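K.L.:
Protein chains in written order, with the working numbering: chain A, 1 to 79; chain B, 1001 to 1339; chain C, 2001 to 2334; chain D, 3001 to 3460.
By construction, these hints were calculated from the structure, which means they are not laboratory data. In this text the structure is predicted, and so the values were computed from the model without any measurement. Among the clues, some could well be false.
[To be verified] Sample of chain B residues facing chain C (criterion: CB under 7 angstroms; computed from the structure): (1) Met1011; (2) Ala1069; (3) Ile1075; (4) Thr1104; (5) Arg1109; (6) Gln1115; (7) Ala1170; (8) Asp1173.
Where a beta carbon is used, it is the ideal one built from N, C-alpha and C, also for glycine.
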Amino acid sequence: MDARETVFAAIRKVAPDVDTTTLPTDVDFREEAELDSMDFIGILTAVHEATGVEVPETDYPLITTVDDFAGYLTSHHAA
Amino acid sequence: MNTTQVEPLLMTGREAMRAAMTEAMRADDRVFLMGEDVGRYGGCFAVSMGMLEEFGPERIRDTPLSESAFVGAGIGAAAGGMRPIVEIMTVNFSLLALDQIMNTAASLRHMSGGQFGVPLVIRTTTGGGRQLAAQHSHSLDGWYAHIPGIKIVAPGTIDDFRWMLGPALADPDPVIIFENGALYGASGEVSPTDPGIPLERAIVRRAGTDISLVTFGGTLPTCLDAAATLAERGIEAEVVDLRSLRPLDDATIMDSVARTHRAIVVDEGWRSVGLSGEISARIMEQAFYELDAPVGRVCTAEVPLPYAHQLEQAALPSVERIVDAAMAAMDGTALAVAS
Amino acid sequence: MKHLDPDTRRRLLRDMVFVRRFEERCAQLYQQTKIRGFLHLYVGEEAVATGVIRLLEPDDALVGTYREHGHALLKGVPTDAVMAEMFGRVDGCSGGRGGSMHLFDAEHRFYGGNAIVGGGLPLAVGLALADKLAGRDRVTACFFGEGAMAEGEFHESANLAALWDLPVLFCCENNRYAMGTALDRSEAETDLALRVSGYGMPAWPVDGMDVEAVTDAAERALASVRSGTGPAFLELRTYRFRAHSMYDPELYRDKAEVTEWKTHDPIHLLADRMIADGQLGPDDLAAIEQEVDEEIERSVEFADASPEEGVETLLRHVYAEAPEPQRDIEEVSA
Amino acid sequence: MTTSTTTAFAMPSLGADMDEGRIVEWLVAPGDHVERGQIVVIVQTEKSDIEVEVFESATVDEILVGEGELVPVGTPIARMVPDHPSAAPVEESEPEPAAAETAASSAPAAPAAAAGGPGVESEAGHVTSPVLRHLAEELHVDATHLHGSGPGGRVVRADVERAARPAGRRITPRARRLMVERNLAPERFADRSLVTGADVLAAPAAAPSIEPSASEAAPEQRAATERTRQESMRRHIAELMSRSWREIPHYHLAQRLDLSVALEHLGAANERRPLADRIVPGALLLCAAARAARKVPQCNGWWHGGRFEGSDTVDLGLVLSLRSGGVIVPTIQRADELSPAEMMERMTELVQRARQGRLRSSHLGEASITVTSLGERGADEVIGVIHPPQVALVGFGAVRNEVWPEADGTGIVVRPTVHATLAGDHRATDGVVGSRLLTQMQSLLDGALPDELDALAGGT
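Bound-form chain A, shown alone (with noise of 0.2 angstroms):
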């Protein structure tokens, strides 16, 4: 499946009054649809059960977009 659409399953999953579809990836997503970090770590968990990788707290700075986090996730994900 798609990285971008495993990110924005997740947050559906978290959010379902979030519009995906609508939902830029080029911009900080979390501030975008208003997500606080306990929905940020059930994201987190939603992508981890999805794909089997964890991001670290460290790299929380690297997937503040969608593209970042789909680009970190095909990166990860690989190896």
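Put chains B, C and D on the given structure of chain A with help from the hints.
P.N.:
Frame of chain A, contents of chains B, C and D only:
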């Protein structure tokens, strides 16, 4: 007679009622006035002053001091096809005629299976505040409003003094008009033509959003003053003038309570087993879920009205007591206010 | 006292027998629980109502008391309607709402029974006042017991009628007992006619057991009233043979007195006089009784067949127009 | 004697209130002839002894009830042979039930006259009473297919009024009071059309029944209940806050908290814990607030009837903003006894349940102090409004890097910082007490909590 004036006339309560009786007697010769000293003396409160000269002793009939007989005679004359106006000098003396009012006037239509009606108007003076002491200061509206078969109205504005008599005379059933003595001398605006308001309709005299002051007759002016004082404290009180005590205009009362969610009933009668209790019960039954505070009641203290001025004023419903009751209801800590 | 012609006597006799048998049938119906509440019977006093009412014009008004079955029947209220009213049925003359003590009939200007002692007196005065003011020449006859003479309403009404010269015929049925209180234990002055003369109106005592004496006095009194000179008063001395109502132990009078008065039975007084004058055969009275019984029995059947009013119209006749809404009552009558 | 047609002579009713009578004395015997009006028996009633007469001449056939016997009115007491059987068709008078309950008369069934004689059953749903038909029109209710709740399916006034009443929700005045006092939000009762005081009192004990069973409800209905829930929640919050603002004399304090030590230990702990057990800074702050409240008991309790009432446990009200709008304030009980990990578990569970509307009753008990936090992305500082009847509210702004002076005051350094505020009820506490709570949090974040995080790091 000149052309009909457009702007309202200024009249006193007695002038307004006199104009109403005069108009009725000129228009219908079935109408006549009967009561103690209504003729030569001109009426104990000078309401019928001058009418003897225009209509003569046959139709302006002074009676002996026999309340049961002349009220009973009024009932009989009405059953016999006339449209009498019987004046009982004050509500205090009406107790002597209560048997005729209850057991004949109110019951005749029902007992006779609908064959006989009693199209009679009884006018009487009510209320205290004029240092007439215990036997001349009663407010017994609630007693009469308890009786099915008669209608009870209480004019609180001079306009109602002028225009309530017409529909009362036209009513096929007995109507008792309780005129608060304090309003005879008060003056107010009267519309030149009949506004045609149904007898049993209550009227909101002052719109408001925070609390409803439900009252009638002599205490209407007191409530309007209280509303003005409350407005200075940022509380907008709505003043509902019942006008009719039987039947009660539940719809208007409940609409008001639905707007304000708080109500104070102001009644010059005594509190226990009184009209204010009936109105409070109806608000509880029909507007329970609108209430944010218990319905308050401001009534005359349960004492035979004393002669001394300061005692009498302390006993009667006053602006201060109404404002206090309203404030108590407003701040939500309203306990059963025994004002 | 002049005697009446045979035809009038026969009519008066039939009327008295009719009232007597009607009242006795009511007593039986009461025992069978067909008639309920209070029931006050006129047995023994028939001559009073028969003598006066026969002289009234159809357009005259009559105001009675709770002992008014005879007055209603004699004023023309149909027997069926009176009996149906006693049964509380829809076809009763008051629609089943009044019962024995509150018979009413607008068509015959019968302004009812009245269960308040003296309660009807001011009403009668008012009816007469209306007639006077409207210029109508008719009389209002008002019947009441001597007990009412102790009520303030009697004094006020008599005074007002006399003061304003109103066309009222006051008929006091003095049967000597106000329920259980004898006249001399109630009135300082027991000569009632004498007392009433103080109001400035003509007043006569009359032997209320002799229907011809009643007729004679009533003619004079009615002539006086119709002349416009004001009211008149008849003290009709009579006696009730049965209890005040159903039933009282009659401890207030002794049996001997009742038996003695029964020897003055108004029906037999007239019947014996007619037999003596050859106007009545030995079996005629029995024949009249049977004919009357059959009419009364038809009225019982009529009453029994008349339906009871449905509760959904309970609130009718309180006011002329629509009944005022009564929340809790509707639950019952819905 | 051939009994041609005998008739029964029944115990007569001798008064409006008489149900039964006792035979005192028979004055006649079988075979005697009696005349109309003749007294034949003495009967005793409550009032007195009454002489009873016969109304037809007849011959006594048989005495059925002896002297001294008490029998109900209507009971045959003798049999008679009337002189003229046909004269008066005296029908056999069956025993009448006591006068008072005379229901059906023994007469032939009354014809069903138009006036609606007895026994006219109205079919279910049909409105017979004119008064009710008039009311139905007035309230625009179609009276034809109303369900009748009255006897025999008869439509009664309440049925008409219920049909007319919008499906809106009714909360009794008493219920409103209890909700405010127990800090319960109205939408906890979203599924009820009538909420009484009893419902509110029952709420904590019973499992909260606020599952809107969203799944089964049709979408529009879900949206509708959602909308009414929103409205009532907004109304409740409005009522609560305006009452608080009107009644409680607030004072406010603010203090910057240095999180550098705490977050450093948190990061270390999270590194060695699986993703699912990762702890967010917010959990630390809640622990700090709860433990500080234990150390400053004057801020942990309620203001009732003019005086302070302390709580013996620290039950932390947590202001949670719902994604669908509005806030809900579940309670974390004994929050001061929770480790950061336990607090994180509680928060995760609470947020999940709150958002699905399945909070447990324990979550909705009475809080003793409340915390409101805008999360990482909120404003710098939130100055809150106390939830009556509590006496304190702690507010946390967003965690941000801010400039701090070096410890020795020579230079500056950037550290993760949060602005903590305290809203205090001046009736219960003074500023000096309130500020002690804030300073306690700083020492907890620099001392006890980091140590516990280290201990965790070693654990699972």
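K.L.:
All hints are to be evaluated individually against the structure, with a verdict given for each.
P.N.:
Okay, the hints, checked on the actual structure:
{"no.": "1", "hint": "Met1011", "verdict": "30 angstroms, violated"}
{"no.": "2", "hint": "Ala1069", "verdict": "3 angstroms, holds"}
{"no.": "3", "hint": "Ile1075", "verdict": "6 angstroms, holds"}
{"no.": "4", "hint": "Thr1104", "verdict": "6 angstroms, holds"}
{"no.": "5", "hint": "Arg1109", "verdict": "5 angstroms, holds"}
{"no.": "6", "hint": "Gln1115", "verdict": "4 angstroms, holds"}
{"no.": "7", "hint": "Ala1170", "verdict": "11 angstroms, violated"}
{"no.": "8", "hint": "Asp1173", "verdict": "5 angstroms, holds"}
The structure does not agree with the numbered hints 1 and 7 stated previously, though it agrees with the rest.
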